[in-house]
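Novice: Protein chains in written order, with my numbering: chain R, 1 to 210; chain C, 1001 to 1079; chain Y, 2001 to 2740.
If you are wondering where the hints come from, they were derived from the structure by calculation, not from laboratory data. Treat the hints with caution; some may be incorrect.
Facing chain C, from chain R, some residues (calculated, C-beta under 7 Å) [claimed, not checked]:
| no. | residue |
| --- | --- |
| 1 | 25 |
| 2 | 28 |
| 3 | 29 |
| 4 | 34 |
| 5 | 37 |
Each pair of labels, with its calculated beta carbon distance range [what the hints assert, rightly or not]:
| no. | chain 1 | residue 1 | chain 2 | residue 2 | range |
| --- | --- | --- | --- | --- | --- |
| 6 | Y | 2454 | C | 1072 | 44 to 50 Å |
| 7 | R | 120 | Y | 2145 | 40 to 46 Å |
| 8 | Y | 2296 | C | 1027 | 20 to 26 Å |
| 9 | Y | 2452 | R | 78 | 54 to 60 Å |
| 10 | C | 1072 | Y | 2298 | 45 to 51 Å |
| 11 | R | 193 | Y | 2138 | 41 to 47 Å |
Think of the CB as a built atom: it goes at the ideal place given N, C-alpha and C, for glycine as much as any other residue.
Here are the chains, one letter per residue:
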Amino acid sequence: MREVFHKETDLHNCTGVLLPGGFSYGDYLRAGALAKMSPIMPAIKRFAEQGGPVMGICNGFQILCETGLLPGALMLNKNLRFISRSVGMRVENSDTVFTKHLWQGQIVRMPIAHAEGNYTADPETIRQLEERQQVVFRYVDPVRHDAPNGNPNGSTNAIAGIVNASGNVLGLMPHPDRAAENIIGSADGFPIFLAFAEAAQSATRVEHSF
Amino acid sequence: MKAVVTVELKEGVLDPQGQAIQQLLAQRGYSGIDEVRVGKRIEFSLATLDGSRAETMLSEIADKLLANPVIERFHIDLK
Amino acid sequence: MSSVYSPVSLDTALSHGLTPQEYEQILEILGRTPTFVELGIFSAMWSEHCSYKNSILELKRFPKSGKRVLVEAGEENAGLIDIGDGLAVCFKIESHNHPSAIEPFQGAATGVGGILRDIFSMGARPIACLNSLRFGDLSHPRTAQLLDGVVRGISHYGNCFGVPTVGGEIYFDPSYNENPLVNAMAVGVVEVDKIIKGAATGAGNPVFVVGSSTGRDGIHGASFASEDLSEASKEKRPSVQIGDPFKEKLLLEASLELARTDALVGMQDMGAAGICCSCSETPARGGTGLKLDVDKVSRRESSMNAYEICLSESQERMLVILKKGKEHLAKDIFSKWDLHADEVGVVTDDKLFTILENGNVVGQIPADSLVLGGGAPQNRREHARPAHLDALLSFDPTHLPDPDDWNEALLALLKSPNIASRRFVFEQYDHTIGAATAQGGGASDAGVVRIPGTQKGLAMSVDCNSRYVSVDPRRGAALAVLEGARNVACAGAIPVGITNCLNFANPMKPENYYFFHESVTGISDACVALDIPVTGGNVSFYNESASGPVRPTPVIGMVGVLEDVSHHVGIGFKEEGDFIALLGSIGPDLGCSEYLAVYHNVVAGAPPKLDLEANLRLIRLLPELAKQGIVRSAHDLSEGGLAVAVSECSLAGNIGCLLTFPWKEQVVNTLFAESQACALVTVSHEQWPALKRAAEEHVVPLQMLGRVGGELIAINDWITLPLELARDLYDNSLADSLGL
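Let the sequences and hints guide you as you build the complete structure.
Specialist: Structural data, given as structure tokens:
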């Protein structure tokens, strides 16, 4: 594993790309808007288009949407405030490279921490996402799973995470990285990283062909 | 009638967003941009046709709500 | 000397807030009349905010040393405590009260930014933030707006910078109506051999300003923080500084990267009094001088002169002293992080702070004469005990009628703004960033964060019950220290040190100064008893408005260490059937209680009994119980007493409880007395004997109260409260009553 600085232009034979959270460029203008102009982004775009596994968490998800690697946009939360809390998510599709160690319908708990996580897309895009099972995670109340207040930020259809049509790019607002060991409150995110690491390991090294 | 209230930072007040945009654009090859400042544009559709009444009302709204008079100023365009 | 500035006279000095005596002192130091630039610098550096001139003689009474202390308070920006394995923790709390009263969002945001720079300018990576806030009465028209702005400002800056905010406190009282208190605390960790000094050494070494360009922000902010808030000061609005958390993050990464090279000599952040403060403090610490050429400072606005450049409080700037010949190493790092760096001067050996503008010397002052511990004034102030305290202290609450319905009384307390859940607030702070937060966001007495790369954890808490302090400052301030210590101990940590933010009114009034003087004594007494040092902090005077002074509010920031973070303990009840026990004993401590305030509308009576020994025993016992895995939850008694503490444990654990007391009298004390040195713990059936043994060993009274379980909070036949009803009130009443 290595860190690639945003000013670099190639991915050094990486076989998986993780875009972490964290207020790139201070979220100025729009979350992810300035980061999409980073020198590294064209390489990430090529990597994704060639089928390499890419996962964007929180700000990473926002960047993926801004870049067009994932459809839709993340608008300001419904309550117009930053929300930092532990949420529940139902696994809607366990048949992706990222979710194969989770099961369909499983409820996982992890924190959200964002001001712009209100997933929005035009109705046609939403219909396609739902139809093609690209909605991977949906918010639910962590205690009473069918309670109406499970959607923390106003996302359309309570969408918390989606994959692209070919299934190799995942974006989600909740933080599996902050829920990967019990000492910090939940280990529910760990299986996602395990699956991601396996996907990266088995991926062919696409980068060298550039 | 339509009215547009533009809210912007007062001269001399630091605009971190504008600076970040300007700096990034310079790095990405857009030269000759000396400064970028970010503001807000708020559009109103008004029932009244009385321009001066509308302006008085909107100045009050802008002063009390839309702008933070500590750091921002505003101007009103009636169309 | 250049003559483009107006000539200086006593009147100029007075208009800068200096006193005639101080002006005399300046004439004596310089042996001549100061230039206008020099006068501005003296006025900023000798302001209360920078010089601590009316507090420093008192602050010297704090215990500062200890076996874990690596850097004592006052030597650097913040004290340093050794936590083993080559690591040290540094922490500090600072006020941004006056800027927040004028512009709550930016005032609070830049308060967070300032305290973070204090930490990372020492080479430490910030790993947690906390804050302590005081606002006016809920019905006051500005309260909701101020709270909303302050919380958004803290949220904006801390979240964007990327440090978890893991704890805090908020209290409401009409005395803060016009003058809210906004105290921000930051905690960082540094490898002992990577500590950055705030000293300019080595004549000939170049001096850089790194980070944001300099604008007219906050010119005379330091002096502004040292005046009473008046209608007139609201007009001084151009003073407001704007925070840029993204730039600060870049500064952080660049600073820490620079600390790993051999190019760095010293570093100091720029806060109050901006360039002139850092350019006089660093040579004063290094026993050197510094020559500054203001023309080389990047400016955001045109036609700024030396006076303005020296005094500007533009945020996100650092003064960096590099080793001559190694500048390129630093420049590469700055450019990697897109930071602007200007070489603005050089270290000299003449012990003078020299200011050049257009090639002319516009100021030359012995660096040492400007700073705290050097030539800055140190005044002993008179203190006089206010006469009204006797009546307050002798108030006897026992003659007050008991409530007809204990349930109603408890509900009233649970929705009291001083007790109700702060969820609405802390959900706006990112408390999980860094993936190291074991406890944060409300479900504990203290925030607990793992130290990256280790198994150790830090527990931290901010505390002050200003109601106690306002009636008996010595006892109240000591109780604030003990409350902090109990909080980190409940979480499983051993207290290692405190920082404090001492918020008081105008120090020139002896009756105000009495509270300050007595609070210093109380804090010292408690620290000596606990054998922990005061590692630094901040004094904020002049917290008053036309309607009077704020309550004296000495906020304590407590830090404790867990050798193994996995031993941390939360407040929430865990398992059905667990025993609930009380450690310590409850006495008739109703004076100054939340119960008296909420139910009888009375703020009087002696604050709870201060028993240093009993506290010490409890504070030693609690981490031991955590370490041995004996207790499943722990929560100390504080505002609202046992009934509120038990409710909080039930709500946090989402499970009810049944408590039984074998007596029928003293119900009001049992439920609502705020006896100190008490904690509620839960243990499994199997661990009960171990708890008993440990309590006996530590000579802490132990009493079995009942069991965890069900969906009711039940205490004898006094309290029967459905958990859901309590939750609804507890969770929502703060936001509801603020209309937010």
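Novice: Broken hints, numbered, in rising order?
Specialist: 7, 9, 10
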